[in-house]
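Taking the hints into account, I'd like the entire structure generated from these sequences.
Just so we're aligned: the sequence shown equals residues 287 to 581 in this note's numbering.
Heads up, some of the hints might be wrong.
In the DSS-like style, the derived pairs of lysine-lysine whose C-alpha atoms are separated by at most 25 Å in a straight line are [said to hold, decoys possible]:
no.: 1; residue 1: Lys-337; residue 2: Lys-493
no.: 2; residue 1: Lys-304; residue 2: Lys-354
no.: 3; residue 1: Lys-542; residue 2: Lys-425
no.: 4; residue 1: Lys-403; residue 2: Lys-439
no.: 5; residue 1: Lys-362; residue 2: Lys-341
no.: 6; residue 1: Lys-341; residue 2: Lys-580
no.: 7; residue 1: Lys-304; residue 2: Lys-362
no.: 8; residue 1: Lys-439; residue 2: Lys-425
no.: 9; residue 1: Lys-580; residue 2: Lys-354
no.: 10; residue 1: Lys-439; residue 2: Lys-493
no.: 11; residue 1: Lys-580; residue 2: Lys-304
no.: 12; residue 1: Lys-341; residue 2: Lys-354
no.: 13; residue 1: Lys-580; residue 2: Lys-362
no.: 14; residue 1: Lys-304; residue 2: Lys-337
Cβ-Cβ distance ranges computed for the label pairs, FRET-style [as the list claims (entries may be wrong)]:
no.: 15; residue 1: Ser-346; residue 2: His-537; range: 50 to 56 Å
no.: 16; residue 1: Trp-334; residue 2: Leu-368; range: 25 to 31 Å
no.: 17; residue 1: Leu-419; residue 2: Glu-328; range: 31 to 37 Å
no.: 18; residue 1: Leu-360; residue 2: Ala-427; range: 43 to 49 Å
no.: 19; residue 1: Ala-538; residue 2: Ile-397; range: 39 to 45 Å
no.: 20; residue 1: Asp-532; residue 2: Ser-332; range: 22 to 28 Å
no.: 21; residue 1: Gly-399; residue 2: Asp-358; range: 48 to 54 Å
no.: 22; residue 1: Ala-546; residue 2: Glu-494; range: 22 to 28 Å
no.: 23; residue 1: Met-475; residue 2: Ala-326; range: 42 to 48 Å
no.: 24; residue 1: Ala-514; residue 2: Lys-542; range: 30 to 36 Å
no.: 25; residue 1: Asp-532; residue 2: Trp-334; range: 57 to 63 Å
no.: 26; residue 1: Glu-328; residue 2: Ala-543; range: 34 to 40 Å
no.: 27; residue 1: Thr-463; residue 2: Lys-493; range: 35 to 41 Å
no.: 28; residue 1: Gln-521; residue 2: His-318; range: 19 to 25 Å
Keep in mind the hints are simulated off the structure, nothing from the lab. By construction, the Cβ of each residue, glycine as well, lies at the ideal position given by its N, Cα and C atoms.
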Amino acid sequence: RVSVNRFWQMFFGTGLVKTTEDFGLQGEWPSHPELLDWLATEFIRSGWNVKAIQKLMVMSATYRQSSKATPDLLQKDPENSLLARGPRFRLPAEIVHDQALFAAGLLVERIGGPSVKPYQPSGLWEELTMQGLNYEQSKAADLYRRSLYTFWKRTVAPPMMANFDSAMRESCVVRETRTNTPLQALNLMNDVTFLEAARFIGQRMLKEGGSSATSRLRYGFRLVAGRAPSAPDEQILRENLQYHLDYFSSHADKVKAFLAQGESAADSSLNPRELAAYASVASLLLNLDEAVTKQ
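Right, dumping it as structure tokens:
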């Protein structure tokens with residue numbers, strides 16, 4: 287029961303027993319006790335097959351419901367404790383990081399190996415540790431590994447992970463907090479990881495998205511959001527693209543500075559001004575609610 291409740295929390299955002307860290311008398315009563323018992327027996331019957339029980343959950347009609355919250359549903363089930371709609375919640379820090387790299391085509395999916403040290407503000411370790419330790423940033427492909435392999439110093443957590451509520455590793459955490467703050471948006475707009483990912487998404491839009499601005503914008507939107515943009519979406523993207531094309535036309539120095547973000551070099555075969563404009567649109571896409579929300 288404890289195990290299947292953890293799986294349920296992973297997919298639905300909240301466990302059938304909300305207090306996943308406490309199944310005892312001080313914890314909350316299951317919202318659906320019979321469902322919890324049935325899932326537990328199915329887990330046992332499958333021979334403790336984790337993939338099978340997770341497949342059962344994600345293929346259920348409950349999971350595949352729309353997450354749209356209509357006024358009627360909000361009145362009847364404001365906290366979705368009755369599972370009146372599909373799950374919708376902000377993605378964990380690790381997934382926010384990894385999917386940006388994946389959309390950019392940068393994510394290194396190799397399994398195993400030592401920890402890596404991705405981008406972080408310079409001087410952070412020296413400022414916050416008594417020994418004045420120096421942070422030696424990883425190079426090349428190690429910068430684009432899954433966040434599972436990110437090196438953690440217990441007293442100085444990776445800033446991006448901390449901003450998106452990842453557990454700090456100082457104690458065991460079964461249920462992470464989940465917040466939505468302006469600092470997270472600033473992180474997505476200014477972190478080198480996301481700026482570099484935006485540049486590579488911009489490159490993909492120019493090289494893989496077709497010959498017209500509309501087809502390129504549609505391609506970039508689908509890469510990040512997983513769906514085709516609506517007509518209003520397209521209008522906003524076109525206006526944003528034109529704004530940045532005009533801006534970078536009169537600010538050539540900004541083009542060079544923007545494209546220099548990250549260790550990897552910009553594609554020299556592309557027009558720098560055009561690439562900077564599409565990368566700016568990609569940065570906007572990575573900041574969309576849809577890009578950081580499971581829905």
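Hints, verified against the model:
With a CA separation close to 37 Å, the supplied pair Lys-337 and Lys-493 exceeds the 25 Å bound. About 22 Å separates the Cα atoms of Lys-304 and Lys-354, which keeps this hinted pair within 25 Å; it holds. Straight-line distance between C-alpha atoms of Lys-542 and Lys-425 comes to about 22 Å, which keeps the hinted pair within the 25 Å bound. A C-alpha spacing of about 10 Å is found between Lys-403 and Lys-439, which places the hinted pair at or below 25 Å, so the restraint holds.
Taken as a hint, the Lys-362 and Lys-341 pair is broken in the structure, with Cα atoms around 29 Å apart against an allowance of 25 Å. Restraint check: the Cα-Cα separation between Lys-341 and Lys-580 comes to about 17 Å, which is no more than 25 Å; the hinted pair holds. With a CA separation close to 19 Å, the supplied pair Lys-304 and Lys-362 stays within the 25 Å bound. Note on Lys-439 and Lys-425: the hinted pairing holds, with a Cα-Cα distance of about 19 Å set against a maximum of 25 Å.
Proximity of Lys-580 to Lys-354 is assessed by CA-CA distance (about 12 Å); at most 25 Å being required, the pair is judged to hold. Among the hinted pairs, Lys-439 with Lys-493 is inconsistent with the structure: their alpha-carbon atoms are about 39 Å apart, more than 25 Å. Among the hinted pairs, Lys-580 with Lys-304 is consistent with the structure: their alpha-carbon atoms are about 19 Å apart, no more than 25 Å. Between the alpha carbons of Lys-341 and Lys-354 the distance comes to roughly 23 Å, so the proposed pair stays at or under 25 Å and holds.
Between the alpha carbons of Lys-580 and Lys-362 the distance comes to roughly 22 Å, so the proposed pair stays at or under 25 Å and holds. Restraint check for Lys-304 and Lys-337: satisfied, since their Cα atoms lie roughly 22 Å apart, inside the 25 Å limit. Under the hint 50 to 56 Å, the C-beta atoms of Ser-346 and His-537, about 52 Å apart, fit the expected range. At about 29 Å, the beta-carbon gap between Trp-334 and Leu-368 stays in the expected band of 25 to 31 Å.
Take Leu-419 and Glu-328: their Cβ atoms lie about 49 Å apart, and the range 31 to 37 Å is violated. For Leu-360 and Ala-427, the Cβ-Cβ distance of about 46 Å falls inside the hinted range of 43 to 49 Å, so the restraint holds. Ala-538 and Ile-397 have their C-beta atoms about 43 Å apart, which keeps the hinted 39 to 45 Å range intact. At roughly 59 Å, the beta carbons of Asp-532 and Ser-332 sit outside the given window of 22 to 28 Å.
Look at Gly-399 against Asp-358: about 51 Å separates their beta carbons, and that is inside 48 to 54 Å. Checking the proposed 22 to 28 Å range against Ala-546 and Glu-494 shows it holds: the Cβ atoms sit about 23 Å from each other. The given range of 42 to 48 Å is respected by Met-475 and Ala-326, whose C-beta atoms sit roughly 44 Å from each other. Separated by about 34 Å at the C-beta atoms, Ala-514 and Lys-542 satisfy the suggested range of 30 to 36 Å.
Distance hint check for Asp-532 and Trp-334: the Cβ-Cβ separation is about 60 Å, which falls inside the suggested range of 57 to 63 Å. Take Glu-328 and Ala-543: their Cβ atoms lie about 56 Å apart, and the range 34 to 40 Å is violated. Between Thr-463 and Lys-493 the beta carbon distance is about 40 Å. The supplied range of 35 to 41 Å therefore holds. Checked against the hint of 19 to 25 Å, the pair Gln-521 and His-318 fails, with Cβ atoms roughly 43 Å apart.
Of the numbered hints stated above, those contradicted by the structure are hints 1, 5, 10, 17, 20, 26 and 28, listed in ascending order.
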